[in-house]
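Colleague: For chain R, the structure is supplied; the task is to place chain B on it using the hints.
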Amino acid sequence: MAGTAVLGRLTWLAAEIVGSVDETARVRTLLLEADGWEGHRAGQHLDVRLTADDGYQAERSYSIASAPGEQLTITVEQLPNGEVSPWLVEVAGDGDRFELRGPIGGYFVWEDDGRPVLLIGGGSGVVPLMSMIRSASGSARMRLLYSSRTLDDVIYREELMERDGNGVEVVYTLTRAQPPGWTGYSRRIDIDLLRQVAWPASDQPHVFICGSTRFVDAAADGLVALGYPPRSIRTERFGATG
Amino acid sequence: MPLISRGFQGRGREGPADRIPPGQHLVDDFPVLSAGPTPHTPLEEWTFTIEGGAEPVRWTWDEFQALPSDGVTVDIHCVTKWSKLDTFWEGVSVDTLLEHVDYDSEYLLAYSDGGYTTNLPLEHVTDGKAWVAYSYGGEPLEPEHGGPARLLVPHLYFWKSAKWVRGLRLRDEDGPGFWESNGYHILGDPWLEQRYWGD
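Respectively, the protein sequence lines represent chains R and B. Residue numbers for the first sequence, in the numbering used here: 83 to 324. Residue numbers for the second sequence, in the numbering used here: 976 to 1174.
In case anyone wonders, no lab produced these hints; they're calculated from the structure. All C-beta atoms, glycine included, are put in the ideal place defined by N, C-alpha and C. There could be a bad hint or two in this list.
[Stated by the list, open to error] One side of the interface only, derived from the structure: several residues of chain R facing chain B at Cβ under 10 angstroms: (1) Ala97; (2) Val100; (3) Ala107; (4) Asp129; (5) Ala134; (6) Asp136; (7) Glu165; (8) Arg183; (9) Gly188; (10) Gly220; (11) Ala222; (12) Val298; (13) Ala302; (14) Arg313; (15) Arg316; (16) Phe320.
Just chain R, same shape as in the assembly (with noise of 0.2 angstroms):
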């Protein structure tokens, strides 16, 4: 696959954090500074390295939110037994350090060659899409459809209701709750939801799904139903590895 092939070790850097968003009552986003950071492509992930004073490690994945080109972030949800995700989120703050390598992963990356692009994310499955949507110049059809639980789980509220109309189209499903006067979906996704947001097959979309395993799937399945070739659909699901 052609672009930013890495060939030597992809090797650890110090990375800092440097500032910090609270997304949600359980998602933050960290701004970071790491010498040596070569840059990435929308939709690529980074390994985080955290020791602790007796030597003891724990690594962990983590999507890269912001745009090529643009100051680094990850964007983190603090999983329930987790083990670095509570350190990212509750624990860090500006000054503290860690590890990262990256950045990792050829496939699940988006350059725009011109086609339309759907995006599909589950809860913090946005991440990754947040970079490409962050990174699109505005000359591609790019279309969000951003499934979470209640209004108060979605990440990057506000900015993607300023983004909305001006290179994306956004469109949420609320599974759990919705606030009243919601004009938005309030289903899981399933396959009338998916004809219905999603453009037709003939139009040749990129897909990219991100989301729980249980997401990707659904999504998935729905538009393959459609008439999508599977091999223009890629996913990337979220397991709990805290």
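Modeller: Here is chain B on its own, set in the frame of chain R:
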């Protein structure tokens, strides 16, 4: 000297250290990793083929089920950092399959429904190191975990255990498969932490 992250305790140090490779942590559930939609090939259309030998050898689903099978309990390690201990699988060993093939190759490319491929040296799938598994935990293998059948190469990162596998292409030279072309290591030994290119 690794960089210490202030206030990080870690919940780990769990499980037997000699069974958890570096950078991995234990899970109880069975997370799923795949690059695209889950294929659903009907069993009556399913075949398994080994090509690249003197002539191709092909089994139907029923013929494959009739081959001698093994039950194996193994630890598995996903490159996304989770490990799962004592997983129980049933299937046909690659050794058993290769008894039906006249070949003189040192490498193979496993290929799957959905277009997925992964490369392996023969020495990493012979002598009791690999199976084509159709049962997990005593039940038929579910599609999301690679059913009806997946490769099982437990001593390498789990992407080598190709889901929805439909055949092996024997060949004289090694070359990258799907994930190996997308930044992941050509071999993928978890004990050497061979996750990505250059590791």
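Colleague: Confirm or reject each hint.
Modeller: Each hint tested on the structure:
Given the 10 angstroms rule on beta carbons, the hint for Ala97 of chain R holds: about 9 angstroms separates it from the nearest Cβ of chain B. Taking 10 angstroms as the C-beta cut-off, the interface hint given for Val100 of chain R is violated, the closest approach to chain B being about 15 angstroms. Interface restraint check: Ala107 of chain R against chain B, minimum CB-CB distance 21 angstroms, threshold 10 angstroms, status violated. The interface hint given for Asp129 of chain R is met, as the beta carbon of that residue sits about 8 angstroms from the closest beta carbon of chain B, less than 10 angstroms.
The interface hint given for Ala134 of chain R holds, since its Cβ lies 5 angstroms from the closest Cβ of chain B, which is under the 10 angstroms cut-off. Interface restraint check for Asp136 of chain R: the shortest CB-CB distance to chain B comes to about 9 angstroms, inside 10 angstroms, so the restraint holds. For Glu165 of chain R, the suggested interface contact is upheld, since its CB lies about 5 angstroms from the closest CB of chain B, less than 10 angstroms. Satisfaction of the interface hint for Arg183 of chain R is found here, the shortest Cβ-Cβ separation to chain B being roughly 8 angstroms, below the 10 angstroms cut-off.
A cut of 10 angstroms between beta carbons decides the hint on Gly188 of chain R: the least distance to chain B is about 4 angstroms, and the hint holds. About 28 angstroms separates the beta-carbon of Gly220 of chain R from the nearest beta-carbon of chain B, more than 10 angstroms, and the hint is not met. Residue-level restraint check for Ala222 of chain R is violated (minimum Cβ-Cβ distance to chain B is 21 angstroms; threshold 10 angstroms). For Val298 of chain R, the interface hint holds, the least distance from its beta-carbon to any beta-carbon of chain B being 8 angstroms, beneath 10 angstroms.
A cut of 10 angstroms between beta carbons decides the hint on Ala302 of chain R: the least distance to chain B is about 4 angstroms, and the hint holds. Given the 10 angstroms rule on beta carbons, the hint for Arg313 of chain R holds: about 6 angstroms separates it from the nearest Cβ of chain B. The closest approach between the C-beta of Arg316 of chain R and any C-beta of chain B is roughly 6 angstroms, which is under the 10 angstroms cut-off, so the hint is satisfied. Evaluation of the Phe320 of chain R hint against chain B yields a held restraint, the C-beta minimum of about 8 angstroms falling below 10 angstroms.
Checked against the numbered hints listed earlier, the structure breaks hints 2, 3, 10, 11; every other hint is satisfied.
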